[in-house]
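Chemist: Based on the provided sequences and hints, a complete structural model is requested.
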Amino acid sequence: TMYPYPSGDIHIGHWYIITPTDAIARFHRMHGENVFLPIGFDAFGLPAENAAIKNNINPRDWTMRNIDNMRRQLRSMGATFDWESEVVTADPSYYRWNQWFFLQFLKAGLAYRQTSPVDWCPNDGTLAREQVEGEDRHCWRCGAKVEKRDLAQWYLKVTKYADELLDFTGLDWPDPIKTQQTNWIGRSEGGEIVFETAPSAHHPGGAELRVFTTRPDTLFGATFMVLAPDHALVAELTAPERRADVEAYVERTQSETEIERLSTDREKTGVPIGADAINPVNGERIPIFVADYVLAGYGTGAIMAVPAHDERDYAFAVKFGLPIRRVVAGPGEEDRELDGAYIAHSSGERLVNSGTFSGLPADEGAAAIVTFLEAQGKGKAAVTYRLRDWLISRQRYWGTPIPVIYCDRDGIVPVPEEDLPVRLPDTVDYHGSGENPLTRDEAFLNVECPACGGPARRETDTMDTFVDSSWYWYRYLSPEKAGGPIDRQLVRRWTPVDQYTGGSEHAVMHLLYAREWTKMMRDVDLLEQDEPFKRLFNQGQILGLDGERMSKSRGNTQDPDELVGRYGADTIRLFLMFMGPWDQGGPWSPTGIGGVHRFLNRVWTLALDPHGAEPGDPESGRLPAGEDAAAAERTIRMAAHRTLRVVSEEYEGFRFNTMVAHLMELANALFRYRGTEVAGGGAAWDEAIRLLLLMLAPAAPHITEELWARGATARDTPWSSIHTETWPTVDPTAIVDETREIPVQINGKVRDKVVVPIGIDGEELERI
RNA sequence: GCCGAAGUGGCGGAAUUGGCAUACGCGGCGGACUUAAACUCCGCUGCCCGCAAGGGCGUCAGGGUUCGAACCCCUGCUUCGGCACCA
Numbered sequence: 174t175m176y177p178y179p180s181g182d183i184h185i186g187h188w189y190i191i192t193p194t195d196a197i198a199r200f201h202r203m204h205g206e207n208v209f210l211p212i213g214f215d216a217f218g219l220p221a222e223n224a225a226i227k228n229n230i231n232p233r234d235w236t237m238r239n240i241d242n243m244r245r246q247l248r249s250m251g252a253t254f255d256w257e258s259e260v261v262t263a264d265p266s267y268y269r270w271n272q273w274f275f276l277q278f279l280k281a282g283l284a285y286r287q288t289s290p291v292d293w294c295p296n297d298g299t300l301a302r303e304q305v306e307g308e309d310r311h312c313w314r315c316g317a318k319v320e321k322r323d324l325a326q327w328y329l330k331v332t333k334y335a336d337e338l339l340d341f342t343g344l345d346w347p348d349p350i351k352t353q354q355t356n357w358i359g360r361s362e363g364g365e366i367v368f369e370t371a372p373s374a375h376h377p378g379g380a381e382l383r384v385f386t387t388r389p390d391t392l393f394g395a396t397f398m399v400l401a402p403d404h405a406l407v408a409e410l411t412a413p414e415r416r417a418d419v420e421a422y423v424e425r426t427q428s429e430t431e432i433e434r435l436s437t438d439r440e441k442t443g444v445p446i447g448a449d450a451i452n453p454v455n456g457e458r459i460p461i462f463v464a465d466y467v468l469a470g471y472g473t474g475a476i477m478a479v480p481a482h483d484e485r486d487y488a489f490a491v492k493f494g495l496p497i498r499r500v501v502a503g504p505g506e507e508d509r510e511l512d513g514a515y516i517a518h519s520s521g522e523r524l525v526n527s528g529t530f531s532g533l534p535a536d537e538g539a540a541a542i543v544t545f546l547e548a549q550g551k552g553k554a555a556v557t558y559r560l561r562d563w564l565i566s567r568q569r570y571w572g573t574p575i576p577v578i579y580c581d582r583d584g585i586v587p588v589p590e591e592d593l594p595v596r597l598p599d600t601v602d603y604h605g606s607g608e609n610p611l612t613r614d615e616a617f618l619n620v621e622c623p624a625c626g627g628p629a630r631r632e633t634d635t636m637d638t639f640v641d642s643s644w645y646w647y648r649y650l651s652p653e654k655a656g657g658p659i660d661r662q663l664v665r666r667w668t669p670v671d672q673y674t675g676g677s678e679h680a681v682m683h684l685l686y687a688r689e690w691t692k693m694m695r696d697v698d699l700l701e702q703d704e705p706f707k708r709l710f711n712q713g714q715i716l717g718l719d720g721e722r723m724s725k726s727r728g729n730t731q732d733p734d735e736l737v738g739r740y741g742a743d744t745i746r747l748f749l750m751f752m753g754p755w756d757q758g759g760p761w762s763p764t765g766i767g768g769v770h771r772f773l774n775r776v777w778t779l780a781l782d783p784h785g786a787e788p789g790d791p792e793s794g795r796l797p798a799g800e801d802a803a804a805a806e807r808t809i810r811m812a813a814h815r816t817l818r819v820v821s822e823e824y825e826g827f828r829f830n831t832m833v834a835h836l837m838e839l840a841n842a843l844f845r846y847r848g849t850e851v852a853g854g855g856a857a858w859d860e861a862i863r864l865l866l867l868m869l870a871p872a873a874p875h876i877t878e879e880l881w882a883r884g885a886t887a888r889d890t891p892w893s894s895i896h897t898e899t900w901p902t903v904d905p906t907a908i909v910d911e912t913r914e915i916p917v918q919i920n921g922k923v924r925d926k927v928v929v930p931i932g933i934d935g936e937e938l939e940r941i
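Our numbering applies: residue 174 is where the first sequence begins, and numbers increase by one.
Honestly, the hints are just simulated from the structure, not real lab data. Quick reminder that beta carbons are idealized off the backbone N, C-alpha and C, glycines included. A couple of the hints might just be wrong.
[Claimed, not checked] Pairwise CB distance ranges, derived in the manner of DEER restraints:
1) N619 with C315: 30 to 40 Å
2) R596 with P413: 49 to 59 Å
3) Q549 with V491: 31 to 41 Å
Modeler: Structure, rendered in structure tokens:
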């Protein structure tokens, strides 16, 4: 299961995630499998720093104290974690390998430093693209508005894996996650087309302007061109008389926050730069604009605008009075007036107004135009992705220091491997602000250049904490290993992870980074596998009563310690599994805990007091009417073995809510025979109790162990743990009935029911 | 706007290669036990008509396919999650 962030207190949501995971592990152990169920702590990150600033302590002390408390709480729930394999990412014995990996990636050209406009949160500094959320572009952590800043930052070259990441072959992952990742990677096929600038008074012309389009078939409909405000050629191409306007526009778009840009309701803005481009397919001159609806970071940062067939271009053309020329039309539509961009793709569309290409079906036309351009050296088929390289620099203290040194003479110098780890200083002085204290820690900053021995300065940025979580499951296998990050032998044997569980909120963050990191490790020859997690299950999330995510700051958390004190861990475990499908989650409500608690009490009664009678039930202690002892035993055996069959499948398929329901049904069925001659000592009864306890053991480990032990004592047999028992097998002879009730439907409505012998053929059944 | 998931009693939810709708639990009602209460146990509990037997309606809405639809198809509505001018 995904390791937790040590926020200090475990709330009921953690239990919701972890309890079924433990039940799964126990279930598989009972099948004789060698199960590894590790846990660790995602111990770097911002909350520790905020708490440290507030209380004037070291983030390490805050974090380690929290981890201690969480260890205690996790143990109280009876989860069978392998504590000897625990990983704490803030420990130098872990994060030194983040640094080591970074150096390997640097050598392999998978890590690089670049200055470019980056997403910047006023509280958290730089963010990866995945960490900017929502229409208003806020920080995933603190919710503050994210701005753009030009900064030199470290990146991992994950775009290299774009196509490979789209391939989920062999992965048993939920479709929504695969869809989200696929959309995030955003592969678009189309063409790159080279326009040239036209000669003019201020410019000789001939400069190449590349555009990317998914619709090469609409090339004849391009009536203007748009550059992103920060496109490299804007300054060069702008006519002198347009310069003031263009510069003012560019400046405005850069100073405006995204919020302000969006507040104008996406009304298109832009200005002409006083230059033209030449359409390579027909030599037509079209005017060039700058407009902020074209993004510098996608494609080539420039587009050919085809207002007849693109909504945004249409809006822009209408606003600026630019020509709109239809070049694709369905049958009989050629002359119809356009009242908006025509995009719908019906069959039978053909190119019109497209020179020699007119008359071709649209898809053939696109291919023909690309082929034509290719022959002229004016274009080619091209693929573009939305995925960006992973920006890992963070202006934070509480993270892994990036192991490079800046020297005036030698430039960027990697820290030699033998000098790792670059340790975080133990004493930290925030001066009461959120600014990275490493930037003014002279002892940390000043260092000898490893190349020339002269004075140099350390990098003060630390790594995104998602780096920590991108390989921790490999480290679980050898957390103490000193000579390298992983034990390849063990990694080969135990990974990829057979079953991973965690929330879907990590769809395009952790779950994508982990795949990318695995592929990078493979490419620097550290792994022989392509994917980290074979099977993934997304549990839902428990929300507060207010429907919001549970968090201390919202004050809507439910403390599990109190519930455990009142009902015991098993009741809470079972209740969380019984609430509903595990992938669904939902608002927390303790309503119904009593029902689960009663169920466990009934199991207790069945196991320890089978001969007792119910004063409240006049039928208590008597066999059901018309049933003799032999029939009763058959009924009991059938109930137990049928339950076993379905419960086994439900554990396997993570359908814990119905699993608990079926165990309740069995307990109810047995209760009807309590106090009768077949209860307590009868072979069928004793077997049923045994099966009930075994089936319940993975979910409610404490009470079943106790009842198992008492049973052994009562029979005067030596004690052994229920948790070392083997999962029972279904007796096929126990579950076959001699008759079966069949509903009789007339016109689909049930009109009668008949009891027929099992095994008759269809003809006989129809006759009856 | 685009992508994805989902709409079933008073509530959480069962039922999927299309075949007894509402399993299991909560809540509610009635009863047993008790001097009494709590605990526990037993029974009833979708809506409407009917004394009853029984009948009609019913899985977001409206159509369709089928002997038969919660389930498949079409149209629409609502809720939740993700994305956000991606050319």
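Chemist: For each hint, tell me whether it holds in the structure or not.
Modeler: Quick rundown of the hints versus the structure:
Look at N619 against C315: about 32 Å separates their beta carbons, and that is inside 30 to 40 Å. The beta-carbon spacing between R596 and P413, approximately 57 Å, falls within the hinted interval of 49 to 59 Å. For Q549 paired with V491, a C-beta distance near 32 Å keeps the hint of 31 to 41 Å intact.
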